[in-house]
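Colleague: Next come the chains, spelled out residue by residue.
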Amino acid sequence: MGSTTVRTNASGWRGVDIIQLALGLLAVAAMTISMWAALYYAPAASNLAGDEQIAQRIFYIHMGCNIGALAGFLMSVIGSIVYLVKRDLDWDRVSQASIEVGLICGMGTILTGMFWAKPTWNTYWTWDPRLTTSAITVLVYLAYLLFRNGIEDRRTRARFGSIYAVVAFLSVPLTFYSARLFRSIHPVVYGAENVDAQGGFSVGATMTQALNINMIAFCVLFSALLVLRWRQLRNEDAIAELREELE
Amino acid sequence: MNEEAVQANVQTMRLDLAAEPVTMQRGGGALTYLRKIGAVFVKDVRAEWRGREIFSTMTAFSVLAVLVFGMAFDLRVPRSEMIAPGVLWVVVLFAGVLGLNRSFGAEVDRGTLASLLLAPVDRSAIYFGKMLANLFFTLATTLVILVVMFFIFDLNMFHPYNLLAVLLGVIGYVGVGTLFAALTANSRARETMLPILLLPVMAPVFVAGVGLTAGVVDGKQFSDLRQWLVILAAFDAIFIVVAYLLFDLIWEDA
Amino acid sequence: MGECVTDSGLIVARNITKRYGRKRVLGGVDLTVAQGKVMALLGANGAGKSTLMRIISGLTKPDRGEVLLGGVSARKAGHEIRRYIGLVAHAPLLYDNLSAWDNLQFFADLYDMQRPAQRIEAVLHAVDLWPRRHDAVRTYSRGMTQRLAIGRAILHDPPVLLLDEPDTGLDPASAETLAQLIRSLGASNRAILLTTHNLERALLWADSIAVLSDGKITQSASTASLTTEIVRQWMTEIGA
Chain H
82 MGSTTVRTNA SGWRGVDIIQ LALGLLAVAA MTISMWAALY YAPAASNLAG DEQIAQRIFY
142 IHMGCNIGAL AGFLMSVIGS IVYLVKRDLD WDRVSQASIE VGLICGMGTI LTGMFWAKPT
202 WNTYWTWDPR LTTSAITVLV YLAYLLFRNG IEDRRTRARF GSIYAVVAFL SVPLTFYSAR
262 LFRSIHPVVY GAENVDAQGG FSVGATMTQA LNINMIAFCV LFSALLVLRW RQLRNEDAIA
322 ELREELE
Chain F
1403 MNEEAVQANV QTMRLDLAAE PVTMQRGGGA LTYLRKIGAV FVKDVRAEWR GREIFSTMTA
1463 FSVLAVLVFG MAFDLRVPRS EMIAPGVLWV VVLFAGVLGL NRSFGAEVDR GTLASLLLAP
1523 VDRSAIYFGK MLANLFFTLA TTLVILVVMF FIFDLNMFHP YNLLAVLLGV IGYVGVGTLF
1583 AALTANSRAR ETMLPILLLP VMAPVFVAGV GLTAGVVDGK QFSDLRQWLV ILAAFDAIFI
1643 VVAYLLFDLI WEDA
Chain S
4 MGECVTDSGL IVARNITKRY GRKRVLGGVD LTVAQGKVMA LLGANGAGKS TLMRIISGLT
64 KPDRGEVLLG GVSARKAGHE IRRYIGLVAH APLLYDNLSA WDNLQFFADL YDMQRPAQRI
124 EAVLHAVDLW PRRHDAVRTY SRGMTQRLAI GRAILHDPPV LLLDEPDTGL DPASAETLAQ
184 LIRSLGASNR AILLTTHNLE RALLWADSIA VLSDGKITQS ASTASLTTEI VRQWMTEIGA
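Same order as they appear, the protein sequences are chains H, F and S. Those letters in the first sequence? Residues 82 to 328, by my numbering. Those letters in the second sequence? Residues 1403 to 1656, by my numbering. Those letters in the third sequence? Residues 4 to 243, by my numbering.
None of these hints come from the bench; they were simulated from the model. For each residue, glycine too, the CB sits at the ideal point set by N, CA and C. Incorrect hints may appear among the rest.
[What the hints assert, rightly or not] If you want the footprint, here are the derived chain F segments under chain H, 3+ residues with CB under 8 Å:
1. 1439 to 1445
2. 1487 to 1501
3. 1576 to 1587
4. 1590 to 1603
5. 1632 to 1639
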């Protein structure tokens, strides 16, 4: 097969550079707008008061992070399968980059969720199926990165990482499904209502707009980070290859 | 004189070898495939019987873990039924890792993996043979755990549904575990890497297993337990097929 | 290339390249062993002899180049081609908790051998382990283990035999048995490639000698045209 990394003379601007710069600037703009939408544009939840009302605004960022994590893990399984079929290291880099970005978003989801949960549910953590699934998913993909790091050979690393990513991705829906069943037949901790209902609020038209803005903004951020990291990994491999040839 | 003896020996030796020409069955259908799975399984069980490395470690760990859990919760938990389902599945999963680690680890450490890879055997037959051996060791360990828990927690968990759940859960566990054991066999930190990879992926088995065992302990009807068995069976079916498909890729340029 | 090398060899390696990480182990090795011939591969420690053996056996994938066994590309042939290969590696490839008999029984099953018991008996007699056949391999001496490893490699009567330092750990008598075994096996329709550190043995056992140095075959000749001094000279040149 030989080397798959494209080597070019880094003179002047190329198409990818411009796309990347544009995406980066777009992401900065998108995040500014998303913060404005979440903190100013969206109205306060009318049925909540005090800390709960302020904390509710984290919801927009929470959902944005969640979208980023979902996109990342979905991309990773696509990248892994395509790598295993085509054996093109570019797809392995897609897989790794999307897992790394997805992990940051996933951790963001959990952290924002915890800060939101404390004033609302009066606890940072519960074993709600969504919380359970997100925690397990983050662990699964942290394991992926640890596992990759321990493998010396580049192609073995790509192959083993892809095999693991496929299995890991398939386990996530089953985890969610079983965790939901687990809760539904257990006594519910917070009175008669479902946990999700505690601190719930009705979403008005302006809120929906703010939410959509945040979702789109985080998708842009995700794409910008993904492309950046993907190119970085590509350059790393190119440097490693060049170094090999020099020796 | 010594030289002559050697010469004579060599002479007879050559004749013997020539007298027993090898006939090998080429290709072969499903039966040959099953026979090779059986050969790997029998080899692992026989080596374990002679060496006593895996099963003894797993049971020793399990008994210790059950005792530690029993002691740790003794003063805080009024009834053992409250923690027994969780203890059972935690101990099974953790003890299982010990066996899975040795499954390919022993082959790599002793350099015998190459002899498996050199044989004209479909890699999936190695997977299934190893998986059956791991299933055998883990189920035997689980049996010991159930017996120990019967005495320590004064709780009879030999309920048919619970035994079925243990069987299904362990099948799914070793199904993924054997694949991951092969993935981690060559890595430097094999002993720690396997549980880090395996346990989070095992969350559905763990949750469904605990759910079902808890239901059995609470005396629930089959209609309430069925959903857990469905999850376990679905997990087994999905991941054994996936592992079968992926296993071939592991050693393609070993 | 030497005169004993023919184009239609049973073992043909073409332009084999392999690197491990940043280290180049093999840089374009060409090698041919004809039917009925024995070739000895010499080289310093770390010259890539074992890697080449592993590549020919199919255990390791070369970065570039291909291996033809009996004219068939080993990579494309699927697992059936592994029937034709017997390998003695540095590791004995034996299960040390199992007895000699159980080991051979296991491999006989993997190779779908018919009437395995008779063949196993013949092989155990050949490597002189019949009396100890029911003892666990871990109780064997180094020489006995090595003999059983050779027995394992010839169990399925492979036409391609790869012997990576088969004489290590053997006492003189066992080494002589091995020499006879190699001679008798090589005389029939087999091709044998072996490595050894013992130059006299290489000259005695093999029909041709190839020297591997710095990832390439640097010398290659028929043993009929060689003396120990010449080979020793070669080895000194490559610093072995």
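Colleague: Hints numbered earlier in the text: which of these fail when held up against the supplied structure?
Modeller: As far as the earlier hints go, 1, 2 are violated by this structure, in ascending order.
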